[in-house]
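Student: Start from the sequences, fold in the hints, and give me the full structure.
Numbering (full-length UniProt numbering), first residue to last: 1 to 896.
Accuracy of the hints is not assured; some may be wrong.
[What the hints assert, rightly or not] Here are the simulated DSS-like pairs of lysine-lysine, each with C-alpha atoms no more than 27 Å apart in a straight line:
(1) 87 to 179
(2) 321 to 349
(3) 334 to 758
(4) 881 to 863
Don't read these hints as lab results, they were simulated from the structure.
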Amino acid sequence: MKIDFYLRFHTRYGQALSVSGNLLSLGGNDGAAALPMRFINQDFWHASIEVDPAQSETLHYHYILTNEHGERSTDAEKDRVVNIAKKDTEHLVLIDTWNYAGEFENSFFTAPFREVFFNNGGSPRLRKAKRYTHQFRVKAPLLGPQECVCLLGEGAALGNWNSEAPVLLERSGDWWTVKLDLTNASFPLTYKYGVYNFKKADFAAYEEGDNRTLFSPDVADTITIAHDGFVRLPNSTWKGAGIAIPVFSLRSQASFGVGEFADLKVLADWAAGVGMKLIQLLPVNDTSATFTRADSYPYAAISAFALHPQYISLSRVAGKKGAASLKSLAKKQKQLNALTEIDYEEVMKIKMQVLHELYEAAGDDFTKESDYRDFVAANNHWLKAYAVFSHLRDKFGTSDYNQWKTNAVYNEEEIDKLISARSKTAKDIRFYFWLQYHLHLQLRDAVEYIHKKGIVVKGDIPIGIYRYSVDAWQEPELYHMDWQAGAPPDDFAVKGQNWGFPTYNWDRMQEDGFRWWKRRFEQMSNYFDAFRIDHILGFFRIWSIPMDAVEGIMGRFIPALPIRHHEFGERGIWFDYDRYCRPYITDAVLGEIFGGSAEFVRQHFLRDNGRGGYDLLESYNTQRKIEAHFHLQDENDQNAALKQGLFDLVSNVLFFEEPGSNGTNYHFRIAIESTTSFRHLDGALQARLKELYVDYFFRRQDEFWKHEALRKLPALKEATNMLICGEDLGMVPASVPDVMKDLGILSLEIQRMPKDPKTEFFHPKTAPYLSVVTPSTHDMSTIRGWWEEDRDRTQRFYNQVLESHGTAPYFCDSWINRAIVLQHLYSPAMWSIFQLQDLLGMSDELRRDDPAAERINQPADPKHYWRYRMHLTLEQLLKEKEFNTEVRDYITNSGR
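Tutor: Set out below in structure tokens:
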């Protein structure tokens, strides 16, 4: 059999196309060995192969575009399938349309829509064609339940454009399809798709745009399959609303001082009642590194795969058989549930103690259960290492594996010995297998319930991994352990953020096709339909801080194109290494920073450098050394001021030399204008440096960072069918919006953080369709809290965005909160998602008295205690009929 591939695609000079598939002639699914296509004209590329149908019954194939930079991307139609064994022909012609990943319709074939929202679509039943020459296939995801695609065109076979009797198509998987005998048709053939109500036998509408054209094959006795892409219909009409809340913040009558997976069912009851379609959560991975309040930070997981024990329901683990053993906990449970905020340490102490008791009582019977065995087999690649890591953490009292007396370096054979049935440690280690199994069962149960309510679940993938985690212990080569990930300064954290995570070794990860990431996505898809990529900018470049620094302001972007030494001379800048690259410390600087304590600092921390200034003593010349010194001193305001002042001296530089460059490559310290080092330069030199600074951060890197993202994100997106949303906030490179748009990744739009630098406020009515709009996130104050932060800014927002006259109210009245929520609900964005606190802010009766108590996190504080809880129970919220009716009406009337 001869197979001809024709692909409709408009390329530009330097681009090339190829076909990849399961046949050897198509490279055997190896994209690098794909069959090159030949350019025919502006409309088509072509390739041809000979196939023995007896050797391969089914053809799986897809197209690959290689751009002028050698980067490859696959069309979003991941797997085109043709059963070639059943085709009664010696010649098969496949006419395909390139599926651009940024097409809105592709979103509707991701997990939320395919598995929850659109899984009950109807279809007319068609008679099987006895003989056919052509098969038409097209997609139309947004049809109503009684609607189907129809085909109209010239000639008897296509009904001569008669809309009263069009050719109907039948749903087959993702496609609408029909087989026709066009033996006597006149080619080229013009046609068009339309929408038809097959229950009412009523033609609804033609698709938009020009007529389509089909050309005749050159050879007789040919079967032609035309994949026509999407029916050209309005594709931005579907909209949904969602609720965002961490699991730990949920409060129910049945929980144990902290939100649990089982509470998600009650939340789903409420969300369904008000018409919401999505529940968004923060990461739910195990963060139990120290069993102190420091573990409350949900982005510092000891495993990127394991679930957190705090979310387990003890009663569900105990079941009827062990219910009596929990009766003694009733008083403690009541006390913890009554707390305004989470007592993380007490909750974990009790839960882990009881879980160990329940495990002892369970015996070994659970290991014989088929579901348990299946769970272990499917998750063994991470579960085994996690269980042993947790055991060793408990044994040595720390998750810092560098301090362990044994097994500090991961060794597969030694791990297997510890788990083996003969080992004395096997039973203790198996506890963590058992624990993760129960967590899995409880979260799966909750998700299945949520799906039955017609609601999807959105998870969160942190950009980094915890430095002392199973992941770092098991495969340290996947990370740059000598760097710390963070974020540059912004309005919320003027010194930048230092998350402490190692950065990813992308080159190493790419060697095995991003195996670790693909496994991570696979694990997440067990529970989530969509996910938020935390700090998606990190896939373009990551803010990297050396290990001897504490503050994020000491970091730089990696990778980045450096400033070459010769560029200074070309711009008329005399490069003085000591002046630009060492901390600039003079008497004037000391007076400005320390005031009356300047002399004390001179005597105890500095030495004269002979250049009219001072250098920090060796014992204090890094922020880490300074931090260590003050860790041994009394905690008081004076020492805190001294420590911060010394931190500021260390960061008072203009450039960082790139390690190993021998003085040839340099990177700007961010925000140089805020340094006294910069301010003490003459105006002309400031202007030249500022020009170079702008070039470094906002011009030279953009294409470079774009190519960095394109070698990671397409491969990762292809590895999952979850709907992907990116948190694209902060210092956003110019290429980010285009890359996200081209890949069909939803952006995040926040009213107080406009992406247009010329605008103070973003208005939800201008949001792109493929986006999530929200008035606040867990890293920010709520609407009410924000309203009180800056009186002048609030006044401008009141007049400009709310279009209200006069003086803005000092406090955020419920009508103001409501107006902001409605702006977001009526946005053209696909998703409008709200923190629960922002919805409750619409009600004078239900809102909290103190807006500050509604905030979840303070990004500027790396030691923030994450302990926010709802101030009313979910059961109480369900009974608030007036409020719930109000929310439901707003959502319904907005078309969500």
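Student: All the hints need checking, so say for each whether the structure fits it.
Tutor: Here is how each hint holds up against the structure:
For the hint pairing residue 87 with residue 179, the CA-to-CA distance comes to about 12 Å; that is within 27 Å, so the pair holds. Of the pairs offered as hints, the one joining residue 321 and residue 349 holds, with about 23 Å between alpha carbons and a cut-off of 27 Å not exceeded. For the hint linking residue 334 to residue 758, the alpha-carbon distance of about 52 Å lies beyond 27 Å, and the restraint is violated. For the hint linking residue 881 to residue 863, the alpha-carbon distance of about 39 Å lies beyond 27 Å, and the restraint is violated.
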